[in-house]
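Participant: Listed here are the chains, written in short residue letters.
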Amino acid sequence: MSEILRVERLSKYFSVSRDVFGKSKHFTPAVKDVSFSICRGETLGLVGESGCGKSTLGRMIAGLLSPSGGSIYFEGSVIASAQHVVKAKKPNIQMVFQNPYSSLDPKMTLRGILEEPLKISRYNKEQCSRRIDELLEYIDFNRASLTKRPREFSGGQRQRIAIARAIATNPPFIIADEPVSSLDVSIQAQILNLLLDLRKELDLTYLFISHDLGVVQYISNRVIVMYLGRIVEMADCQTIYKSPQHPYTRLLIDSVPIPDPKHKQAFDLSVTNDLLMPGQLQGCLFKNRCPEKMPVCCEQEPNLVSCGERHLVACHNRCPENNACTIVEI
Amino acid sequence: MASTTNLLEIKDLSIKFTTESGWLTAVDHLNLDIKKGEKLGLVGESGSGKSVTAMTIMGLLGKRRDIAIQGQIMLEGEDLLRMKQDKIEKIRGRKMSMIFQDPVESLNPVFRIGNLVAEAFMVQEKTDKKIAWERAIEQLNKVRIRDPKATARQFPHELSGGMCQRVMIALALVANPPLLIADEPTTDLDVTIQAQILALLKKLHQDLGTSVILITHDLGVVCQFCDRIAVMLNGRIVELATADSLFTNPSHPYTRGLLNSIPVLGKKGRLEPMPSIHNQEARGENICRFVHRCAISTDRCCSAAPGLREVLPNHYVACFSH
Chain A
1 MSEILRVERL SKYFSVSRDV FGKSKHFTPA VKDVSFSICR GETLGLVGES
51 GCGKSTLGRM IAGLLSPSGG SIYFEGSVIA SAQHVVKAKK PNIQMVFQNP
101 YSSLDPKMTL RGILEEPLKI SRYNKEQCSR RIDELLEYID FNRASLTKRP
151 REFSGGQRQR IAIARAIATN PPFIIADEPV SSLDVSIQAQ ILNLLLDLRK
201 ELDLTYLFIS HDLGVVQYIS NRVIVMYLGR IVEMADCQTI YKSPQHPYTR
251 LLIDSVPIPD PKHKQAFDLS VTNDLLMPGQ LQGCLFKNRC PEKMPVCCEQ
301 EPNLVSCGER HLVACHNRCP ENNACTIVEI
Chain B
1 MASTTNLLEI KDLSIKFTTE SGWLTAVDHL NLDIKKGEKL GLVGESGSGK
51 SVTAMTIMGL LGKRRDIAIQ GQIMLEGEDL LRMKQDKIEK IRGRKMSMIF
101 QDPVESLNPV FRIGNLVAEA FMVQEKTDKK IAWERAIEQL NKVRIRDPKA
151 TARQFPHELS GGMCQRVMIA LALVANPPLL IADEPTTDLD VTIQAQILAL
201 LKKLHQDLGT SVILITHDLG VVCQFCDRIA VMLNGRIVEL ATADSLFTNP
251 SHPYTRGLLN SIPVLGKKGR LEPMPSIHNQ EARGENICRF VHRCAISTDR
301 CCSAAPGLRE VLPNHYVACF SH
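Line by line, the protein sequences are chains A and B. To convert, note that position 179 of the first sequence is 179 in our numbering; the numbers rise steadily by one, no gaps. To convert, note that position 133 of the second sequence is 133 in our numbering; the numbers rise steadily by one, no gaps.
You can take every hint at face value.
DMTMM-like, lysine to aspartate or glutamate: derived pairs with alpha carbons at most 25 Å apart:
#1 B:K268 / A:D212
#2 B:K202 / A:D212
#3 A:K264 / B:D188
#4 B:K130 / B:D147
Footprint (simulated), chain B over chain A, 3 or more residues, beta carbon under 8 Å:
#5 181-189
#6 246-254
Simulated from the structure, these hints should not be mistaken for laboratory data. Cβ coordinates follow ideal geometry from the N, Cα and C atoms, glycine included.
All chains should be modelled from the sequences, with the hints used to inform the complete structure.
Facilitator: Shown next as structure tokens:
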């Protein structure tokens, strides 16, 4: 499989305070030193809790935010970089957002919404209407709804429209940022199946961002788990659910309530300190919630190392010093 | 753990709202009992009437001309629907309380956490400010807030969502009410925090013997938390059973549809979503609420509404196919 997107040591810092002249004084790292690549036709799931930087990462790849460090390569050419000005043509990467109520213009009709990306891509009138017909078929709408406005559609229908708009110009790569988290479960299943069918039919590659591990498992081939801006584990979907290596991944998987009465879960009552004080930023960021903390965790940040076939983990416990483990360079 | 006496009995409850196109039935002839010390789950998709039922029990809808409420809600032998407003206000907090979905928005942002909880003690127990503050710190300790003394001096915006939900639970349990209604208490929270809050609610339920009504759309949460589960669809209960029975033998096509629509960790296979209806769904009197989405519906489903019938011990289903 050929590589479609590569991210190298990507970072994004947001300023948290400014001095009197408006110059940033303090920064917080939303994404730090993240590297990975996606192959054509693959779906890469990005999981993590709120504030872990998964949306920031998606927005940087989509070109909605500029990186503070590192670079992004799409189909071999650099599309965003902190080091130098990028002159390449904007790549065709489209995005589906979480909230279908606010991501569609309330004043536009369905025709207008679907036509806009086509017009920008210089489709002529005839091509436009032919393409709109195709799009309506993909999302199972009839032509009569073309004159309706977003408020006349339900949440699930709006999300279908958002997906149709994203695939309108035949992009090879789509970023879906929590596309089903504001929908009811039965609608959620419809949207997930639509995304799977489209992937097969149009040979799409997805970056699928979600906090729901069940959803990510259903749709992804490979999963990245992020914690506070860092990748803590990356592996094939099967591997990560069967043998999670990082204590945070294990915590996440154990916390999902399973609808099976034979599988009674005893949730831990202990309160964890989920916030890090500014002074605690050296070492592993998971140290204050980690059940397997070692002295080295407070001093040194763990590197992402290989612990199996296509399986990377950033944990000192998985990489004893005497063991010859390989630091992976992507 | 649940005893056999009923704490709350909802009898034939109907709630209607006026809309531009006439009355809309949000809750339709609902019958439900909650036993003392029981954890009951109310599941359903948005618009199924689960939150409206909770608001009516708490008396939060008020007496308004555009809302018609019929039926009876008996709490320890007293009908809440026929009670005067000032009496309901006295019962609220002492006999029943509620926690909401968005903990940060539910707390008054201009008061310190300690003041919020202390105020509840001053109202409920008529204690003076100093004692109330100490009781408040004790109460915060009970919901496992780290360093309750320091937290009491903070404002809601300084706490995380999980911490705010703990404060909400502390507030709700100030007077040890026998009934606690939790309306989507963990929906806005991350999974690891959700697990902590569910563990806390379970522990408090064990210690205090409070009956809990947990409203949620997450089948995993009710399965792990509740003793008995009621599945709601468009204002009616379509299936009512113990958690074990419901998940081992889901009998209503809607319940089965819900279970087939969720991606479960560790299970593979394509999801089978239920068909959704584009127009206003069936809300008429004499029609099954699931008829337009049901794969096994017959003519009878369009002419009569199925009532709840016992198909297995303590397992009730409203479907003609059983």
